[in-house]
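All chains, full assembly: derive it from the sequences and hints.
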Amino acid sequence: DTAVSQTPKYLVTQMGNDKSIKCEQNLGHDTMYWYKQDSKKFLKIMFSYNNKELIINETVPNRFSPKSPDKAHLNLHINSLELGDSAVYFCASSQRSLGTGELFFGEGSRLTVL
Amino acid sequence: DAKTTQPNSMESNEEEPVHLPCNHSTISGTDYIHWYRQLPSQGPEYVIHGLTSNVNNRMASLAIAEDRKSSTLILHRATLRDAAVYYCILRPNFGNEKLTFGTGTRLTIIP
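Quick note, the sequences are listed as chains W and E, same order.
Sequential numbering from 1 applies to the first sequence in the numbering used here.
Sequential numbering from 1001 applies to the second sequence in the numbering used here.
Everything labelled a hint here was simulated from the structure, so no lab data went into it.
If you're wondering where the values come from, they're calculated on a predicted model, not measured in any experiment.
A hint or two may mislead.
Stated by the list, open to error - Simulated crosslink set (DSBU-like; lysine-lysine; CA at most 35 Å straight-line): (1) W/Lys41 with E/Lys1098; (2) W/Lys52 with E/Lys1003; (3) W/Lys67 with E/Lys1003; (4) W/Lys36 with E/Lys1069.
Okay, structure coming up:
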């Protein structure tokens, strides 16, 4: 079983469209994250949820809206897609009570906006 | 967030030890030193972390300087599968789960 799974793995869409990426973790962790890796390979945190509560929001445009229906899921919805949104988006999870517990990352979702 | 400095790239021969350095001169007393790696077309993968003492696990060893202003990730016997970008990251203790990735070191393994 994959610990952190993301769907879809690849997504190609036109500018202006709305799309979602889903993430699920089966590790029993209480904290989940979205990271963005751009074409220059910089990995930047976007959001973090702990027990369905938003705890990190790194000045991401309002077009990006994370949603956590439960502790095991964190979805990312993007409205009005722009060319600059093209990137690989990684979901991750950890157990917050462990403090310095490691993050487990998914394999990424490559979004291409045409 | 405290910053780390790593060489952009390194090369090593297969089956030889690799020492990946990281400078973190502005580290605070409660910052843990974490290492992650990212293999091609995959998500980052945890390698090891430590606070003050040297640490060993099945993947690698972490040597931390006495003043904690630098650390070295040691791969004891590099294989082709170890070719990846290695990130050295400082993570505050408790209450802040944010991992801030730098540019990392791209490790190439020569067969």
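Q.
Hint check: W/Lys36 vs E/Lys1069, CA-CA at most 35 Å. Holds or violated?
A. Holds, because 29 Å separates the two Cα atoms, which is no more than 35 Å.
(Q) Just to be careful, I want the Cα atoms of W/Lys52 and E/Lys1003 compared with a cutoff of 35 Å; is the pair within it? (A) holds, 30 Å
Q: Decide if the proposed pair is consistent with the structure: W/Lys67 and E/Lys1003, CA atoms, cutoff 35 Å inclusive.
A: At roughly 31 Å apart (the allowed maximum being 35 Å), E/Lys1003 and W/Lys67 satisfy the hint.
Q) Between W/Lys41 and E/Lys1098, is the straight-line Cα distance small enough, at 35 Å or below? A) Judged against 35 Å, a Cα distance of about 18 Å means the pair holds.
In summary, the structure agrees with every hint in the numbered list given earlier.
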